[in-house]
Amino acid sequence: MAKLMDFDKALEMFEPVIGLEVHVELNTKTKMFSAAGNPANEEFHDSEPNTLVAPVDLGLPGSMPVVNAEAIRSSISLGLALGCSIAPSSRFARKNYFYPDLGKNYQISQYDEPIAFEGSVEVELEDGEIIVVPIERAHMEEDAGKLTHVGGSSGRIQGASSSLVDYNRAGVPLVEIVTKPIFGTEHRAPEVAKAYLATIRDIARGLGISEARMERGNIRCDANVSLRPRGAEKLGTRTETKNVNSMRSVERAVRYEIRRQAAILADGGSITQETRHWHEDTGETSPGRPKSDADDYRYFPEPDLLPVAPSEELIEELRSKLPEAPAAKRRRLKGEWGFTDLEFQDVANAGLTDVVEQTIAAGATAAAARKWWTGEIARVANAEGREAADLVSPIHVAELQKLVDAGTLTDKLARQVLEGVIAGEGSPQEVVDSRGLAVVSDDGALIAAIDEALASQPDVLEKIKNGKVQAAGAVIGAVMKAMKGQADAARVRELVLERAQA
Amino acid sequence: MNDLIKLSAAELAAGLAAGDVSSVEATQAHLDRIAAVDGDVHAFLHVNEGALDAARAIDERRAAGETLHELAGVPLAVKDVLVTTDMPSTSASKILEGYMSPYDATVVAKSRAAGLVPLGKTNMDEFAMGSSTEFSAYGPTHNPWDLDRIPGGSGGGSAAAVAAFEAPLALGSDTGGSIRQPAHVTGTVGMKPTYGGVSRYGSIALASSLDQVGPVSRTVLDSALLHDVIGGHDPHDATSLTTTWPSFAAAAREGATGEVLKGLKVGLVKELHGFSKGVEDSFQAAVKTLEAAGAEVIEISAPHFKYATAAYYLILPAEASSNLAKFDSVRFGLRADVPGTVEDVMSATRDAGFGPEVKRRIILGTYALSAGYYDAYYGSAQKVRTLIQQDFANAFAEVDVIATPAAPTTAFKLGEKLDDPLAMYANDLATIPANLAGIPGITLPSGLSAEDGLPVGIQFLAPEYEDARLYRVSAALETLLVESWGGPLLDKAPALNGGAR
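Those protein sequence lines, which keep their order, are chains A and B.
Using my numbering, the first residue of the first sequence is number 1, and each one after it goes up by one.
Using my numbering, the first residue of the second sequence is number 1, and each one after it goes up by one.
Calculated directly from the structure, the hints in this document are not laboratory data.
Yeah, the Cβ is synthetic: ideal placement off N, Cα and C, and Gly gets one too.
Accuracy of the hints is not assured; some may be wrong.
Counterexamples of contact, computed for chain B against chain A with all Cβ distances above 10 Å [claimed, not checked]:
#, residue
1, A35
2, R61
3, T289
Below, computed lysine-lysine pairings styled on DSS-like, alpha-carbon distance capped at 25 Å [claimed, not checked]:
#, chain 1, residue 1, chain 2, residue 2
4, B, K383, A, K95
5, A, K146, A, K95
6, A, K371, A, K402
7, B, K359, A, K95
8, A, K412, A, K402
9, A, K180, A, K95
Per label pair, the in silico range of CB-to-CB distance [unchecked claim]:
#, chain 1, residue 1, chain 2, residue 2, range
10, A, K321, B, A64, 48 to 56 Å
11, A, S89, B, K383, 15 to 23 Å
12, A, S89, B, H233, 16 to 24 Å
13, A, H45, B, K383, 46 to 54 Å
14, B, A113, A, D101, 31 to 39 Å
15, A, R319, B, T85, 43 to 51 Å
16, B, I298, A, R319, 49 to 57 Å
17, A, E324, B, G98, 52 to 60 Å
With the rest of the complex left out, here is chain B (with noise of 0.2 Å):
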């Protein structure tokens, strides 16, 4: 394996900044590690061709002496559900094959403009619905770890992509747990900042109430850094918010000192329930190091957040329901050849093109906004959602943060859950309270389980607005961690054999 994909996106950029390796030589280190392994990881749905003419422009304007962002040079994998204009952009649904956007995502262009290198679009479950990647209409994903094991979801791809080296840092969406997830079952680093922190314009909206872009890397300094290029307002996203936000990768590299876990008060919820033994064990075991460094930590209760699943599988289909009317076969995208009527051919079109979980979210959010079902249903969901906030207003009164386990259970087999949608929904069951409440949350590896060796990730969640907080909190943990495994914990996980895509 080269050395240069080793590399956190960190170090390479200091190796960059210095002229020890140039941006070309770090893209094709990355392009050729895709081309090894990616055949058995499938973390991509599309390679950038232009990557290395991005990268050799990056070193030109280095070499002309330009001074460049800090990330400048570094790659970057993006998933699928942020438009680009230089490869198609698909959120891994048939009914986009092939589409091109005229413009970019907001966080694209932002990447884009800081020197990152888009390397490709990673794998997604289609439209962002799910939690294994299975649901992707171009085939799974694989997890690193063990390649007949789901890397999470929805955004499994980028998260499996960091995880393989194959990307030293990759943009995400998280709507329900689609970034946090994934990292958990995948050793990485997820973070999903305060709603409206990242602009969601050109993230091809699954529900616009809970979507949030965020940074996948692994560790979690260069999320931090991510976070910085991609976050702050944006006129065209009338949710962004106009906030002056502190520089998280300031907050990540003073957090590495430790300092930040003196007397830290950290909130355990007393109503999760339902992780597997491995899964507690590491995080009680997480826990213990916090404690050791001088957390407090302190039992609070957030009463509302058994309907947090129920209100959330309420409220995100309602919006994708009307969010994905658009795709129709009218003006993009797939277009079923039937004889009739254009509702005829619309009808065709949907029912050719959308996967089986889409076309169940739909049929459900449809559903709920029926007239007469709206009150007992959408409205009701609201009416949870504000229960929530409130319970975590409560707990923040009390503590600086709240710590969960991630997920409830470490990777698990490919297929095992695709029939059984309930079980499916039931792994966000720690991630979905913060969309839902619109406050950041941050997963990064908490170590193995003793019972499978498979990663498990800690959650840590804070009041909104608070993401440096998160990236401060996170950072002095992950070095404690990290000083105790003697080193990364992806360096545990099994050499890929490689199978050429």
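So that you can see chain A by itself, here it is in the shape it has in the complex (with noise of 0.2 Å):
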């Protein structure tokens, strides 16, 4: 195990850069470069291997390129969103490099001519400090496929007996992100790579051009982190972590090479420019394959294909469509919402806001809304490992809320049709009559269950009759058993009272 120098200590002796490389897969209906269906698209998830293919990307003999309008769009797109120029004419390029799982044994991309370029993000952290990142550029690529190693242990290329390709993702559209060196993050460093991860995923989301989904590797990120010494000009050697694919392991593994590279320094060691490999079970980086001036690519323009020139209409018809960025959203629906920082915060860490706002717009209040997401349905997401907005719509929870405001459902009850919905048994309504869950709002039937309580209990009626008010719990938690919980309570209280005097 690597040696790690205290967080604290470190940024006391050095400054981090990071720098973040992003990859974020389009959700085109087909692939990059051929008309098969693309599988980061909900129609062709279920795919069986290889079935998703067409010759260009099992690069068959023959087989060309064709560029995909619809990917070009969502490029264009995204790097507006990302403040970015977009380039009047931009190029493809061969990076060669041979690899089973790139059927062409050269992957296109964009080298010396992206599609969009200089532009800015802002990013919010959990307290709501702003940190403006600088972006670099936005290029367009397709992805290689997806390998299988069998017979080694824990599905490594190391020990394998051999090895299985599916090229369905071959061809898959890319947009890869990259920004410039971010400095000035100091110890937040982790915490700005984490939020900045999740601005890109709100952006890709918001904007549609990718369901932006990390854990199906929809997004994916390569961090870059350099220490130099304090009052130090030049930037320190760096390394590049690959394939860090959640949000926490981003945040960790940014830590961790604080840390590590910290120690190493300090010892008067150097840093090895090279790639890193992310080990979420250990919260370890090890080393890759060096990177260095080895790395030859051997780009050069991709003769198969022409300049991708949009035209200035296409670019202007795009930015009036683009979507309110996720901090101006943020700081807007603060402002209407109503909420205290804390509770705002709540919502949007928890990548809760939009379904929240949706929530809100079918009809419940704010409040109502951030109570259930943040609450009840977090609970649930977090007990069953899934995310929030998976497991019910906001539609059903404004329904939930107007139930309960009607004084169909308690709170308990609510939650008891929250969890059949959740079930898949059907809406709220459909949930509470299936299980016959509504609160019993017949006075009859309420005051022939008080009567039988009070004629039970003797020494309680007594007692209420005698002003000891608070003494009417006893016959009302009889009651409430005697109706199965489907009574409000209130009204209960209200019906003893008056049955006790009477």
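Join the two chains, each given in its own frame, into one complex according to the hints.
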């Protein structure tokens, strides 16, 4: 295990500089350069291996790529949302290297002429602080296929007896977003990395250009970290930790690298420029291959494709359709909803802004929407290890709250109804009907139960009559139990006092 | 020799349309000819077992009264660089031995749709790298004019098949002269269309920015007819032009009247040298014929042509090194049975599967693209390309077409230049500039060399998009020359005694 320096001590001695490369899988219907279905589009999620392939995805002799116009539009939109300039003409290039998951043994990417460049994006940290992250470029490329190593331990290539290749992913459209070096984040560097990734996810979701599900690999992050001694001008040697694929991991990986590099530098050692692997289980990084000038991808302009030259009209059309930037939207919603800072951060940090907004749009109050999503729904999501937004629709949450407001459900009953909705039993009203969970509002039935309870507890009745109103609790409890909880406790209390005096 | 095989494609098409001959008869006649002479010529790597069935289907459709394409029922030879679903597609390489494509090249699909009958796949230099067809992994093709000589390359098989009357038409591909130089040495016609004029989809890529598929035939009109079939936009090829093309056959027929030559400005390139006396004399005689018919000959300067071959041999290997990377044994083709990692298997496969010229160019191209060398090599070559385009633009401001001898010498002996790559590369000095500039070029016979009695070709070049102009001018010259010879040049070719396959 590598020697690590205490994080605060590392920050005392060194300034961290981070840079992030994020790949976003576009959810276009077809692939970047072929008419095969795109597995990053929900229509093709469950496809069998090697069924989403056209000749060019397999690199068959004679095959040629054709650019997907939808992917170009998505890429331009993403570039604009990142505040980038859109190149009037950009070119694809071939990145040449041999690997079995790469049918052509070159990847079609963009090299010296990316479609989008020079932008910046506002990133909001958990306490509401805004950091501006400078964007170097966003370029289009195709994904490679997927290798599965068989026979070794834990799916790794070491010790494997054979490898299977699934070319479904080959040719999936990607946009790679590269930040400039991010300075001045100091002890918040890990947090900034995490928040940046969340921001990219929110932007991609807001644009509707990607499903943006990190657990599905729709968004993948490589984190560059370097340290320089306090006061030094020159940037330190960086490492690139590849495929850190959750927001928690990117935060941990950056923190780990800062601590690891600081320990080496403090001992008078030097950092090797290399790619590193992130290990989720141990929370460590390990060396990958050395990255140096030896990496020669022999880039040259892709001769099978023409330059991409979007018209000014197209760019303006896409600009006019851009949704509100996540940070700006948060500012607006915070004002509209009237939440405290803490309340708003609870919602935002859990990635629940959209569903809360939709729940409010469906008729719930802001307070009620927040209460449901950050309360019971978040609790179930946590317990089941799922995303809250996948459990229940905002429309159903609003409907549930309406039933509570109308007195049809108590809070306790509403939680049972929610459980039924999550279990897929239908809408809240349908669950109320099928489970028979509505509050008993028939006073006749309640009075009968109250009279019976009072009759069986004469001592309590006596106390109430003598003005000891708090004694009514015992009777109320008995009635609620008889009603199987399906009564409004307040109404029961009213009636108990009424009947006791009768 | 059966008379059917002596017919041009246009003549055969007329006979088919008139019901004088069936496609089955025409196809059988060509299959018989292949059986009779291809043992000596070796123009074909594969003969289509389904040819007669395809011919029969056309005959039936015709009998049923269906309106068919003008060329329906005419047999066609297909260069092995083009992928086909019903015949192996190897690009004459061991690494693709027996490879069956799941799809047809667009030009093959268009040919089938027009009712042309694929006779088989023709021999070529491996992956179209060569000027003699000697680099085929399956043995060389022999020139029907002299079996000890090369048929040109890379498309020596298609040119020889047409010259030996094994097929009236063939498909070729031309990266630096692979259609036009074989035409020159076999006394046939070959056209490299404007870049993007014909789809490259399904043509196993050599150098993507230079490759162009085109027709091979014995007459100018026949090439024009086939060009009409295969040309036009293809959504599968992003570099294919969306231009609406005129009928090339109409242009050839119009040109045959000779009117086009009156006042035509023909440019001769001052800087093109190095042709043998026999080639030069034949060329000059053809130019005299043009002048006599009213053409005006103007000397033009193309100062950057002298860099063309050098630039070409950087751009081509660079692109080829990338295009040929896909031949790695993982998904198709040869797999070397060696122990070790996937990289070991890839490496051993490529070592066993590629021939010497292919390896030479992959190494050259890999080097030219390497970090630190890119600007000096690939970058500089691309600049030369721009300068050559400028040379052409300047020239075509003064002249309508440029005429050159198509290649430095007549057909040389098999084996003569095999060990001298630079001498082999010099074969393409007159044809390469058109590929670098993307302009169309055509070669047709200008006569026989007085030195050795072997065919010589004249090449015409026109500005991009002006393919029809080339058909007009070539057809005009062809009419005059054939008249002067008293019949087609190929009538002077020695009879092939046969030698069964």
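Hints and how they fare:
{"no.": "1", "hint": "A35", "result": "holds, 29 Å"}
{"no.": "2", "hint": "R61", "result": "holds, 28 Å"}
{"no.": "3", "hint": "T289", "result": "holds, 39 Å"}
{"no.": "4", "hint": "K383(B) to K95(A)", "result": "holds, 22 Å"}
{"no.": "5", "hint": "K146(A) to K95(A)", "result": "holds, 18 Å"}
{"no.": "6", "hint": "K371(A) to K402(A)", "result": "holds, 14 Å"}
{"no.": "7", "hint": "K359(B) to K95(A)", "result": "holds, 20 Å"}
{"no.": "8", "hint": "K412(A) to K402(A)", "result": "holds, 14 Å"}
{"no.": "9", "hint": "K180(A) to K95(A)", "result": "holds, 22 Å"}
{"no.": "10", "hint": "K321(A) to A64(B): 48 to 56 Å", "result": "holds, 54 Å"}
{"no.": "11", "hint": "S89(A) to K383(B): 15 to 23 Å", "result": "holds, 19 Å"}
{"no.": "12", "hint": "S89(A) to H233(B): 16 to 24 Å", "result": "holds, 22 Å"}
{"no.": "13", "hint": "H45(A) to K383(B): 46 to 54 Å", "result": "holds, 48 Å"}
{"no.": "14", "hint": "A113(B) to D101(A): 31 to 39 Å", "result": "holds, 36 Å"}
{"no.": "15", "hint": "R319(A) to T85(B): 43 to 51 Å", "result": "holds, 46 Å"}
{"no.": "16", "hint": "I298(B) to R319(A): 49 to 57 Å", "result": "holds, 53 Å"}
{"no.": "17", "hint": "E324(A) to G98(B): 52 to 60 Å", "result": "holds, 59 Å"}
Checked against the numbered hints above, the structure violates none of them.
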